[in-house]
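A.B. asks: Please model the entire structure based on the sequences and the hints provided.
In order, the protein sequence lines correspond to chains A and B.
Our numbering applies: residue 1 is where the first sequence begins, and numbers increase by one.
Our numbering applies: residue 1 is where the second sequence begins, and numbers increase by one.
Treat the hints loosely; a few may be bogus.
It does not matter which identical chain is used: a pair holds within one copy or between any two.
Under the rule of at most 20 Å between Cα atoms (straight-line distance), these lysine to any residue pairs were calculated in the SDA-like manner [claimed, not checked]: (1) 59 x 168; (2) 138 x 160; (3) 35 x 150; (4) 17 x 39.
To be clear, the hints were calculated from the coordinates, so they are not data collected in a lab.
Treat the numbers as computed from the prediction; the structure is a model and nothing was measured.
Protein chains: 2
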Amino acid sequence: MNFPSKLVENAVNEIAKLPSIGKKTALRLVLHLLKENELNTELLADALVNLRRNIRYCKECHSISDQEVCSVCKSHHRERELICVVEDTKDVLAIENTNHYRGLYHVLGGILSPIHGIGPDQLNIESLLSRLSLGEVKEIILALPSTMDGETTSFYLAKKIKESGVKISSIARGIPLGSDLEYMDEMTIGRSIVRRIAYE
Amino acid sequence: MNFPSKLVENAVNEIAKLPSIGKKTALRLVLHLLKENELNTELLADALVNLRRNIRYCKECHSISDQEVCSVCKSHHRERELICVVEDTKDVLAIENTNHYRGLYHVLGGILSPIHGIGPDQLNIESLLSRLSLGEVKEIILALPSTMDGETTSFYLAKKIKESGVKISSIARGIPLGSDLEYMDEMTIGRSIVRRIAYE
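C.D. replies: Structure, rendered in structure tokens:
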């Protein structure tokens with residue numbers, strides 16, 4: 001791709017480092033910013049730098065938060081004997097949006113991945129175990145991805161948690177509501193039959 | 001949408017102002033930046049602010065350029081009697097990438113649009129006419145969009161340019177190479193028949 005200017009090339013290259021944004025889209029965004037008021041670009045740049053510099057994580061559950069302890073962990077209306085373990089803050093948001101869960105969370109900050117060199121020490125596993133050791137928690141719900149790495153992480157955690165005697169469960173896997181069987185992969189269909197649930 | 005932090009909300013809102021990026025994509029980008037090294041975010045922010053502050057436009061053709069006069073306008077290998085009039089720098093890039101055009105360009109910086117309050121004075125029309133008045137240019141190729149506003153602009157320019165006696169042409173409209181007739185709109189097919197060209 002030919003660029004009319006070093007400044008444009010530099011901006012395009014930086015934007016194209018973001019996930020799912022290619023150089024063509026990046027160039028379109030750059031030309032958009034050039035047409036807009038200069039203030040807009042500065043607001044955008046400030047917001048990004050501010051975000052990265054001042055972001056804080058809840059010291060209980062490690063989710064993104066403005067305060068030392070996030071609103072979920074601080075709330076008196078949540079079931080404090082239930083902790084849902086997720087990979088990322090975006091999973092917390094996804095579950096919160098359902099309004100179906102009233103327990104607490106624990107954000108691992110990733111999953112075990114030997115290929116990417118991520119071992120147990122890089123994840124928030126120690127702090128999860130010390131939360132359990134306080135004796136308040138009765139059940140852990142594992143809501144990690146159903147990929148190879150995700151399953152490995154679930155297995156590792158389950159082994160660690162078992163020592164503390166807390167009940168462990170996992171989110172249900174099966175056919176999504178409203179989905180047609182014919183468009184589902186065989187793994188999901190197979191598992192939904194093997195792990196069928198009693199009709200109420 | 002619920003945000004875990006004001007910083008995240010602010011960054012998402014600023015990113016979502018960009019064209020074709022919604023709040024969900026913006027949140028994904030924000031969470032990506034938070035996972036990456038802080039330096040990456042600062043490089044991105046700096047590139048954007050630098051771009052917007054220091055961008056320059058060629059004083060001849062008004063295309064984006066690092067120098068006072070862009071490489072196309074400065075080149076001795078271009079046909080200086082030919083000027084292609086386009087809406088935007090991205091059109092210059094698109095035509096340059098074809099390697100089929102050896103003339104010069106003139107970037108209008110937009111098209112006439114009464115609805116958006118863009119009149120002839122907001123566009124680089126005066127400078128086009130003064131380039132013509134030097135007598136070097138023999139032909140103007142209009143390569144503006146085939147929308148209502150684009151056609152109006154072409155019509156307006158053609159009237160202005162006629163006074164200077166320079167030949168005026170327009171890029172060919174028709175069926176794109178490799179396209180099937182059955183998937184084309186009627187306007188394009190109709191025009192491609194009315195304005196058919198002699199078989200060589």
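A.B. asks: The structure should be examined with respect to each hint, and the outcome stated for every one.
C.D. replies: Do the hints match the structure? See the list:
Within a single copy, residue 59 and residue 168 get their C-alpha atoms no closer than 23 Å, and across copies no closer than 69 Å, so neither meets the 20 Å cut-off. For the identical chains of this complex, residue 138 and residue 160 are intra-copy neighbours only, at 15 Å inside a copy versus 81 Å across copies, given an alpha-carbon limit of 20 Å. Only between protomers do residue 35 and residue 150 lie at most 20 Å apart by alpha-carbon distance; the minimum there is 18 Å, versus 44 Å within a single protomer. Proximity of residue 17 to residue 39 under the C-alpha cut-off of 20 Å is restricted to the inter-copy arrangement: shortest distance 13 Å between copies versus 23 Å within a copy.
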